[in-house]
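S.K.: Sequence:
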Amino acid sequence: MCGTFLFIFFVVSAPERLLTLLDTRTVPGELKWAASPSEGGWEEVSIMDEKNIPIRTYQVCNVLEPNQNNWLRTDWIPRSGAQRVYVEVKFTLRDCNSLPGVTGTCKETFNLYYHESNEDKDSYIKESSFIKVDTVAADESFTQVDVGDRIMKLNTEVRDVKVTNRKGFYLAFQDVGACIALVSVRVFYKTCPLTVRNLATFPDTVTGADTSSLVEVRGSCVNQSEEKEEPKMYCGADGEWLVPIGGCLCNPGYEEKGAACKACSVGFYKAKSTDTGCSKCPPHSHSLREGATVCDCHSGFFRADSDPFSMACTQPPSAPQQLISVVNETSVVLEWAPPRRLGGRSDTSYSLECLICQTGSQLCLPCGSDVLFAPGQTGLKTTRVVVSELRAHTHYTFIIHARNGVSQASGAGAAQSVSVTVTTNQAAPSPVSAIQASDVTRHSLLLSWQQPDRPNGVILEYEVKFYEKDQRERSYRIMRTFSRSVDVTGLNPLTVYVFHVRARTAAGYGEFSAPFEFSTNSDPFPLIGEGVNSAFLLLSISGVGILHLHNIFLILLCVPPSPPSLSLLFLLSSVAGVKIYVDPFTYEDPDQAIHEFAKEIDVSSIHIERVIGMGEFGEVCSGRLRVQGKREIYVAIKSLKAGYSDKQRRDFLSEASIMGQFDHPNIIRLEGVVTRCKPLMIITEYMENGSLDAFLRKHDGQFTVIQLVGMLRGIASGMKYLSDMSYVHRDLAARNILVNSNLVCKVSDFGLSRVLEDDPEAAYTTRIPIRWTAPEAISYRKFTTASDVWSYGIVMWEVVSYGERPYWDMNNQDVIKAIEEGYRLPAPMDCPVVLHQLMLDCWERERAERPTFSQILNMLDKLIRNPGTLRRTGGDRPTPTMLDPGVCVPEWSVCVWLQSIGLERYRDTLAAAGYTSLENLLALTHQEMDRLGIITPSHQDILIASVQQEMLSQMQHMQHTMVPV
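Numbering (mature numbering (1 follows the signal peptide of the UniProt record, and there is no 0)) for the sequence shown: -20 to -1, 1 to 945.
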């Protein structure tokens, strides 16, 4: 396709400059130009011009003689760098009509020629060497009467000539029979004059050789300025400057005035060249000389490194006020009022110094790292801190420091702080740790432990609570002892027990220890404990492994050739080395898990750009990650907020330990972690479109059904990968699915994996997503891949409804009750029947009847390959009374038959497809049921087998009732 281009030139107003090479009016004396022929042709004469000044001219008037060829040549004219010269000729010409008897011989034009030469060496005219410029005609001519009246009509003609090959040139005038007088000849060339534009100087520049040429000229910045962008202009053929580009900026300390840079006056400054001009010094600062780039602060005032120069100089804050302390056993609550003087800043923060002071001594030592500060110890914006995990009966001194951005610059210290000394009270001991078991037999074991890190007094006794793991503390036993060990007897063989230990002082019992699990032995002698031979232990472990392999082969030999069970497949895959998810909470040291599953990233490789949200543990930001040898990528950055506890740190890092084990295009990718400096960070790939639920609500109704199914297919693929690794997500919801710029959906948020184990009462708290959780998981905390399938069905409903809230405004208890009574979410508007049927399959009450993620993925792939199956929606179904909920019309035997085999859920689907009799159902195939959305394999098998059995029974009944002839 052709287009029309419009070039627009911006003309910079500046008068052209004309440089004269020849002007006959200014030549003193005779011109003495070469004429041919030397006699009877051009003749040099003197006349008076319009100002009565004598000038030399040439004239010729051979109009009566035919075939005139009279030449007149100028002297050699040096070019002087010009590339195109202009010839201005002023002349008078006699009208041929006013001359009688010259018909055919009189002319009213003459010709202009030129010839280039490097030197003045031609003493005669060689006509063949000249190049014709133009034939010149008069606009005005005169008659004999005019001459008598002394009225001469002067013509002025200008012609331009390109001269670039030689150092100079000649001009020649050819007369072919006119009555003409050359009054004056002027030869000149044009330049674009010296000018200053955008603080750049552009020199006097000769125009180009062609009438359309532009000469590019680079400007130079005026004094005390620097380039902002390379200054350029173009010199046009007419001597005007065109198209200014770029320019210069005055240096710091200078401002633009009258196309020059002038120094800032005293009391003013200019910090950057990009500033528009000099500014008055901000409060509490001054400049004592011209050209200042910054104003110095007054005595006692300061400027932080991060403060802009336009900001007033400020002071550090005074000390905090009204510090009070409240002691509660081994915790102290500290509160104070802000400083009376904030120094003119809004970035005041506080830090807390904790010292342990010996009684009757001036010696004070820093508190240990085990002391906890909430919300933190440094960088505080609040004026309240809770200090816990202190020692009992101990003197502590707390110093509160107030700081702002100029505290370090000012060197201020003690004057900005306030302190208080307190003594902690009696307190219960800290939890017991390092529990060990030895001398394990079938019915007993020896349990031992170490003294609490902080006994907070004399330990009076220890209490041991234990129970069988399967009982989950419903039935437990208590033992008490004065020592740090106890013989536990009366245990059952081959049973896992859970032990808790706590200590008691005069202040009461401390908290129970973390659970410690151990199994009794099946042999009458100890297997593990002090004195056990290591070779025997190794042999025992090896024997167990060999025994497992032997059992596997026995199973394979004994089981008939049919598909193996899931448990057998899992056992075989584990032995074969298939990757299985490892729970990071099984590691005693969370750092060991994080370094095994996640890559440590140098914090200098991360560039944080903006905050995009708040997570459970702190801010979530977006930024860029540049690892050496790899291209820069956009990432999401989760950070752990200051003042975190050990449990918060462990939970935060555990999510990275989980993500680091996964590698799948539909699982959020972990780039790495930052654990060697604060704040702790988790770096993941950046998903531009955010969470799926918010993304769908923002784009309500804008996607095709195939696009929605594609999103569901990606989620199912990621969940199949997780289930293959034996990982249960427990919090699958659209809010935990992230979407990138290519609409690829990825499963994320692995933070709920241990909520129920950590908090036995959490089943009905707000942390459990009731609307997305399977009934067995709510009632019995049975989280499995099948419960994830239930959640996936809810996600399907969210996607098809464009992010609508499941169960709308029902409260959680109403949702639980409705599900128990058999209620299921209806099909969203315009939802294909096959998709809603798949949702209903995911919401089967019996988890064994729900499809697997592998089956779901296969079904979605079939739908994508056959999009025609997605066209029929709930609105297309017939509405006879036999399809009303819970009603079977007697005439429709298929409805009654489906109820008898427990698959009445498919009655609408089969009726809408035309299967209204058992005879029709005989034509059902697995492929046809896939198309209708009946994808559960067991349901397909039951339907085909049952309809065949039913038809066989009817035929047998007919045979028995026939009357023999």
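Hints were generated in silico from the structure; no laboratory data involved. Hints are supplied without guarantee of correctness; some may be wrong.
Below, simulated DSSO-like cross-link-like pairs (lysine-lysine); rule was C-alpha separation at most 30 Å, straight line [claimed, not checked]:
no.	residue 1	residue 2
1	678	610
2	147	87
3	658	700
4	627	797
5	147	101
6	361	658
7	658	678
8	678	762
9	242	212
10	133	147
11	12	147
S.K.: Hints the structure violates: just list their numbers, smallest first.
M.R.: 1, 2, 3, 4, 7, 8 and 10
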